[in-house]
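Here's the letter readout for the chains.
2 protein chains.
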Amino acid sequence: MDNDKLNGAESLVQTLAASGVTMCFANPGTSEMHFVAALDRIAGPRCVLGLFEGVVTGAADGYYRMSGTPAATLLHLGPGLGNGLANLHNAGKARSGIVNIVGDHALAHARFESPLKSDAAAIAGSVSHWVRSSASAADVGADGAAAVQATRDGAVGRIATLLLPADTAWGAGGRAAVATPRPAAPAVDADAVQAAARVLHHLGPRAVLLLGAGGSGSAQAQHLAVAIAAKTGCRLLAEFYNARMPGGRGRPQIDRLPYMVDAALARLAGAEALVLAGAPEPIGFFAYPDKPSQLKPPGASLLTLAAPQQDVPAALQALADALDVTLVPLASRAAPVAPAGALTPDHIAAAIALTLPEQAVVIDEGVTTGRGLAAAMGAAAPHDWLAVMGGAIGWGLPGAVGAALGAPGRPVLALEGDGSAMYTLQALWTMAREQLPVVVLVFANRAYRILQGELLGVGATLSGQKAADMLSLERPALDWVSLARGHGVPGIRVESAEALVKALRDGFASHAPCLIEAVL
Amino acid sequence: MDNDKLNGAESLVQTLAASGVTMCFANPGTSEMHFVAALDRIAGPRCVLGLFEGVVTGAADGYYRMSGTPAATLLHLGPGLGNGLANLHNAGKARSGIVNIVGDHALAHARFESPLKSDAAAIAGSVSHWVRSSASAADVGADGAAAVQATRDGAVGRIATLLLPADTAWGAGGRAAVATPRPAAPAVDADAVQAAARVLHHLGPRAVLLLGAGGSGSAQAQHLAVAIAAKTGCRLLAEFYNARMPGGRGRPQIDRLPYMVDAALARLAGAEALVLAGAPEPIGFFAYPDKPSQLKPPGASLLTLAAPQQDVPAALQALADALDVTLVPLASRAAPVAPAGALTPDHIAAAIALTLPEQAVVIDEGVTTGRGLAAAMGAAAPHDWLAVMGGAIGWGLPGAVGAALGAPGRPVLALEGDGSAMYTLQALWTMAREQLPVVVLVFANRAYRILQGELLGVGATLSGQKAADMLSLERPALDWVSLARGHGVPGIRVESAEALVKALRDGFASHAPCLIEAVL
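So the sequences go chain by chain: A and B.
The numbers in this note's numbering rise by one with no breaks, and the one at position 309 of the first sequence is 343.
The numbers in this note's numbering rise by one with no breaks, and the one at position 223 of the second sequence is 257.
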């Protein structure tokens with residue numbers, strides 16, 4: 035198509051394609067109709083529809099984590115962006131790169147009080163690292179290229195939001211642009227490597243090597259970290275939540291810092307230094323009366339071997355070299371044993387470890403039930419484990435959509451609490467439309483179980499029915515098999531370990547979406 | 035309970051109760067556990083659980099529209115507030131009063147980078163007229179009373195958001211407070227009344243009396259407006275969307291300004307003045323190439339008889355007095371006739387008009403299908419008609435929850451597009467838990483039909499499958515009967531007018547929630 039004849043929307047579609055953005059998760063409205071029309075006329079990103087904006091933004095997060103490239107989202111005005119806000123929060127904490135395209139009112143229309151007038155820039159600013167509103171059709175292409183560039187933060191990603199007033203989309207004079215190539219991540223800091231080597235060597239078990247980002251995110255980096263710990267005697271931990279953590283047979287099995295504050299304090303007790311390899315300082319999820327926010331012992335020092343933006347695997351390699359470490363062979367692990375009987379946490383873990391296919395991607399939003407799974411997963415087939423990073427539930431099902439599209443051909447297992455799955459259950463429909471190989475396992479404990487624990491954690495006590503009702507999902511019990519069917523996804527209810535194993539095997543074998551409701 | 039021994043959360047619960055807030059729609063998290071616990075210990079608002087925050091905020095909007103008093107919402111941190119944002123936008127445009135209580139991190143915790151750290155104040159500011167974060171437990175009661183007061187904007191409501199850091203909730207030294215009594219709405223402006231009387235008298239059919247807020251919202255005000263139009267010959271219209279509009283037999287039937295820009299321009303063509311009775315200046319929903327944003331003819335003057343904040347019915351009474359108008363008897367209307375055959379728009383309208391119970395509350399988020407219903411509803415039993423006011427779809431099902439709780443004993447009919455219902459379908463569960471008398475009628479056209487029209491409206495053309503897929507809800511078709519069952523609500527699919535009539539009758543007779551999927 036002749037570049038002179040593009041409208042703004044067409045120039046943006048062309049720019050995104052030229053800049054390596056090949057996927058667009060969309061929930062469009064009127065102000066995005068020119069962008070939608072342009073998708074038909076210009077070779078551009080593949081477009082996947084979500085029936086709610088939280089599906090769109092959560093999918094973009096999952097997609098980035100598996101593909102390493104930003105997806106575009108297409109959202110409708112301030113309220114549409116608002117609906118996608120929680121998963122943009124999560125994506126920001128996961129350091130995922132996303133280009134949000136948010137249609138807005140035409141510039142001349144925005145000065146009037148119309149029903150959908152909103153402060154989209156303010157909403158965008160609360161979760162974006164970069165926000166721009168295009169001023170004219172001629173600017174849209176360059177703005178789109180700038181948005182793609184703004185998603186890059188060294189080795190990790192960021193959230194960029196481009197507001198597209200409708201008249202800049204439909205206006206003539208669009209000029210396609212192209213983002214610059216992605217620059218290399220900041221180099222390893224040799225001084226930091228030397229400092230970390232000294233601390234680990236001298237403190238041994240009184241030092242903790244804490245992995246995050248590229249440290250926990252690479253099997254090779256994990257392997258190096260295990261060898262460093264073996265050589266120096268330091269303690270080795272990963273963050274509690276990790277954006278993407280390889281695991282399973284033939285890979286190291288690295289303990290994660292516990293979620294519960296008391297348990298985390300115990301794991302770090304006696305440490306005099308924490309060496310951070312891609313992890314920020316460990317901080318409690320929430321504050322509790324008379325408990326610290328900082329999980330490290332008072333007075334313990336913090337050493338940053340590498341920030342998340344840096345090449346963390348390279349920094350660990352440099353650290354291993356400085357310590358003259360050689361890789362240690364991993365202990366072989368017993369094969370998982372088929373569980374039988376009730377759906378206990380151990381049996382659920384064993385069923386997953388037994389049935390997980392090679393190279394599966396596990397999306398972990400199992401909340402309370404999910405916490406107990408880690409130990410068993412070392413015996414599972416090699417896989418990647420993705421956790422919700424910002425603590426805002428409703429990420430899991432959309433994240434599974436994005437992970438499946440970001441890693442074509444790999445099976446996906448989405449672990450969901452029944453409470454968390456409800457926030458964005460519309461993602462099931464996108465799984466059905468795109469026939470994604472996602473097995474959804476819902477842990478139906480029929481409660482906000484985490485809150486029943488948190489209520490005790492903050493020192494409050496539950497004395498009556500009114501509060502109990504706020505934490506229970508009974509009356510009525512959700513029927514997940516019907517919810518799945520309503521979205522076009524086959525479902526099955528299981529109440530024993532044997533049935534769970536069979537349902538998981540059947541689900542993975544189908545290479546299509548299915549939902550398993552495990553009644554706990 | 036001894037006031038000296040309250041914690042901050044308890045002081046807030048006591049303050050809300052003392053200030054007339056008797057309903058709390060909640061989706062709590064960890065940071066709200068003390069508030070939840072306080073609800074058990076202190077006589078306070080009734081608490082209704084929503085499984086997604088958009089349900090909570092939309093319900094608060096519906097509740098205000100029927101009860102005239104603000105509900106509280108209980109939301110979890112910035113992401114939870116984000117999930118409720120779109121329906122807060124709608125509530126703001128509806129001029130509904132809501133007190134959002136948003137738990138936030140403890141003050142000492144907020145300086146650290148924890149997963150759920152977010153800029154809740156920025157998110158709140160984008161949709162709230164008033165935002166405050168409590169500084170200490172001792173302030174929480176007074177802040178809560180100030181929040182209730184901040185929901186009042188003369189005769190209408192506003193959005194107030196109180197951020198409650200967790201330590202201000204659990205901290206000792208809470209002091210309950212009480213909001214001041216609601217002040218009277220600003221008085222009628224006698225000069226405005228005289229000016230409006232002169233204009234209507236002199237211009238007759240070249241003037242338009244446009245009703246909004248309390249003008250369209252009161253049957254008595256409508257009746258006065260009809261008499262004024264009869265006397266002066268002026269044109270009489272209501273806004274396209276109205277927060278609450280009485281209708282049905284024994285009431286005036288007032289045409290609404292059309293949604294489509296061309297049709298609206300035609301209705302206002304030739305007008306030299308618009309007299310605004312609770313309505314703002316009419317503005318198009320969206321801008322379109324080569325169409326105006328302002329719907330009034332260029333050069334036509336705008337006269338504000340009464341702003342939405344004023345006592346609009348009193349202003350219309352004063353106008354009627356100034357014009358020496360007497361109420362005119364309403365024409366009697368033919369009883370609705372039972373429709374037979376296909377589910378055409380006319381047959382759907384007739385089925386609703388025929389079966390709607392006395393004093394029903396109709397929630398209209400029928401989008402394209404809903405637009406054709408108005409003409410037939412004059413023959414229905416007396417009812418109130420509530421429309422989504424901010425244009426952000428996903429308001430209807432939550433609004434129905436709130437309306438049912440705000441008008442106990444009155445039957446509710448929720449009209450939904452299949453596209454719009456998907457945004458907040460979790461509201462079905464709250465209907466089931468509270469056993470609300472809501473009949474949900476889903477118009478299953480299996481498309482974003484409005485967008486198929488809007489695409490033409492902006493001058494874009496649909497040339498290929500890629501864009502068509504973004505506007506279609508086929509592949510797979512949603513199964514609304516299963517979706518309802520999954521949430522604990524019985525459902526039925528109908529494909530004929532006769533079946534629709536029977537399903538509506540059965541649904542209203544059940545005095546419990548049900549869902550009807552009308553396949554179009």
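Just so you know, these hints were derived from the structure itself, not from any lab.
Wrong hints could be hidden among the right ones.
To be verified - Below, computed lysine to any residue pairings styled on SDA-like, alpha-carbon distance capped at 20 Å: (1) B:K151 <-> A:R192; (2) A:K151 <-> A:S167; (3) A:K325 <-> A:F274; (4) A:K325 <-> A:A372; (5) B:K325 <-> A:A142; (6) A:K325 <-> B:K536; (7) B:K151 <-> A:R80; (8) A:K151 <-> B:F146; (9) B:K500 <-> A:R80; (10) A:K325 <-> B:P292; (11) B:K151 <-> A:Y293; (12) B:K151 <-> A:R216; (13) B:K536 <-> B:K325; (14) B:K151 <-> A:P314; (15) B:K325 <-> B:D296; (16) A:K500 <-> A:D513; (17) A:K151 <-> B:W164; (18) A:K151 <-> B:G126; (19) B:K325 <-> A:R145; (20) A:K325 <-> B:G126; (21) B:K151 <-> A:Q469; (22) B:K151 <-> A:S170; (23) B:K39 <-> A:A481; (24) B:K500 <-> A:A511; (25) B:K265 <-> B:Q228.
The model shown is predicted, which means the values in this text are computed figures rather than measured ones.
Hint check against the structure, violated hint numbers in rising order: Numbers 4, 6, 7, 8, 10, 12, 13, 16, 20, 21, 22, 23, 24, in rising order.
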